[in-house]
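Enquirer: Sequence:
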Amino acid sequence: MSLEESNAVEGPSDDDELAHLQESLDRIEICRKSSLCVPKPNDASKSDFLTMLTRSVKVRCRPSEVPFTIHGGAAQSRLILIELVHHPDLLNVLDMDDILLSVDARKVSGMLLNDVRLLLEASFATKEFITLEVVNGGSIPTDLRELLANKEYAQLQMVIRDNVYQKTVPYTTRPPKNGEIDGVHYRFVDVPFFDYLQQTNQLLEHGHYQGFEACFIPNVHRCCYFLTEEPIETVKKNRILKLLSGSSTQSFICV
1 MSLEESNAVE GPSDDDELAH LQESLDRIEI CRKSSLCVPK PNDASKSDFL TMLTRSVKVR
61 CRPSEVPFTI HGGAAQSRLI LIELVHHPDL LNVLDMDDIL LSVDARKVSG MLLNDVRLLL
121 EASFATKEFI TLEVVNGGSI PTDLRELLAN KEYAQLQMVI RDNVYQKTVP YTTRPPKNGE
181 IDGVHYRFVD VPFFDYLQQT NQLLEHGHYQ GFEACFIPNV HRCCYFLTEE PIETVKKNRI
241 LKLLSGSSTQ SFICV
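Under full-length UniProt numbering, the first residue of the sequence shown carries the number 1, and numbering increases by one thereafter.
The reader is advised that the hints may include incorrect statements.
As the list claims (entries may be wrong) - Derived pair list, reagent style PhoX-like, types lysine-lysine, alpha-carbon separation capped at 25 angstroms:
(1) LYS167 x LYS151
(2) LYS177 x LYS167
(3) LYS107 x LYS167
(4) LYS177 x LYS151
(5) LYS151 x LYS107
(6) LYS107 x LYS58
Said to hold, decoys possible - Label pairs and their computed distance ranges (CB to CB):
(7) ILE181 x PHE129: 42 to 52 angstroms
(8) GLY183 x ARG55: 19 to 29 angstroms
(9) MET158 x PHE129: 52 to 62 angstroms
(10) THR126 x GLY183: 27 to 37 angstroms
(11) ASP115 x ASP95: 15 to 25 angstroms
It is worth saying that the hints were derived from the structure and are not from the lab.
Everything numeric in this text was worked out from a predicted model, so none of it was measured.
Glycine included, C-beta positions come from ideal geometry on N, C-alpha and C.
Sequences and hints are given; from them, build the entire structure.
Expert: Next comes the structure, spelled out in structure tokens:
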């Protein structure tokens with residue numbers, strides 16, 4: 001083949017490659033947003049199932065007492081459960097080990113037991129009626145670890161995490177970033193101690209952060225996609241950096 005013929009069949013230009021790369025990155029971003037925002041059919045059906053199980057109970061308030069006791073709570077890695085029912089009006093309404101999901105729309109899954117007790121005491125002391133959302137005991141798991149490990153309870157997981165993280169500081173084995181304070185932002189520990197916490201069942205949930213692979217991007221030998229705050233690095237083409245620099249929460253390392 002002559003030099004002219006070789007030039008005639010030369011591959012796509014850098015501009016074509018970059019345009020193709022931008023198109024692929026756009027597809028990744030669309031897929032990522034879709035996976036985060038659009039509920040999966042199984043999640044939706046489980047959410048509907050939990051809604052079907054949930055019943056509302058309207059209770060007349062008596063300032064002198066809460067007409068039932070509760071147990072469980074996040075410190076025991078459990079949902080909030082009805083313990084004993086004291087008032088006869090509620091004997092056929094609430095049962096032992098029924099699961100308490102909310103008090104006047106305040107969702108309590110993942111809260112500490114004492115905090116829920118204080119919420120109930122304040123509500124009964126200041127209101128004429130309160131509305132409880134309750135699920136029959138045994139209808140769903142009550143162990144927070146089991147719920148957090150089961151993707152079918154995605155909506156309940158969000159409530160649990162919101163309540164748990166208001167009262168706890170997560171552990172991490174990574175080194176502190178600039179400005180982070182041990183015991184405030186995270187508890188920074190070494191791997192052996194983290195393994196000890198895991199093996200002694202002291203963690204509600206744990207895992208290794210791995211990001212998302214985006215190896216199907218054309219014209220790039222390898223490309224790993226991380227959701228981090230690290231600066232973007234590239235050693236393939238400096239011009240790729242211009243395409244990727246629009247997001248401060250994504251890091252691409254292309255080689």
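Enquirer: Hints first: check each against the structure and report whether it holds.
Expert: Checked hints:
1. LYS167 x LYS151: holds, 23 angstroms
2. LYS177 x LYS167: holds, 22 angstroms
3. LYS107 x LYS167: At roughly 15 angstroms apart (the allowed maximum being 25 angstroms), LYS167 and LYS107 satisfy the hint.
4. LYS177 x LYS151: Between LYS177 and LYS151 the Cα gap is close to 30 angstroms, so the pair fails against 25 angstroms, i.e. violated.
5. LYS151 x LYS107: At roughly 19 angstroms apart (the allowed maximum being 25 angstroms), LYS107 and LYS151 satisfy the hint.
6. LYS107 x LYS58: Holds: LYS107 and LYS58 sit about 16 angstroms apart, inside 25 angstroms.
7. ILE181 x PHE129: 42 to 52 angstroms: holds, 44 angstroms
8. GLY183 x ARG55: 19 to 29 angstroms: Because 41 angstroms falls outside the window, the suggested range is violated.
9. MET158 x PHE129: 52 to 62 angstroms: Violated, since MET158 and PHE129 (Cβ atoms, about 28 angstroms apart) do not stay within the stated range.
10. THR126 x GLY183: 27 to 37 angstroms: At 35 angstroms between Cβs, range holds.
11. ASP115 x ASP95: 15 to 25 angstroms: holds, 23 angstroms
Of the numbered hints listed earlier, those contradicted by the structure are 4, 8 and 9.
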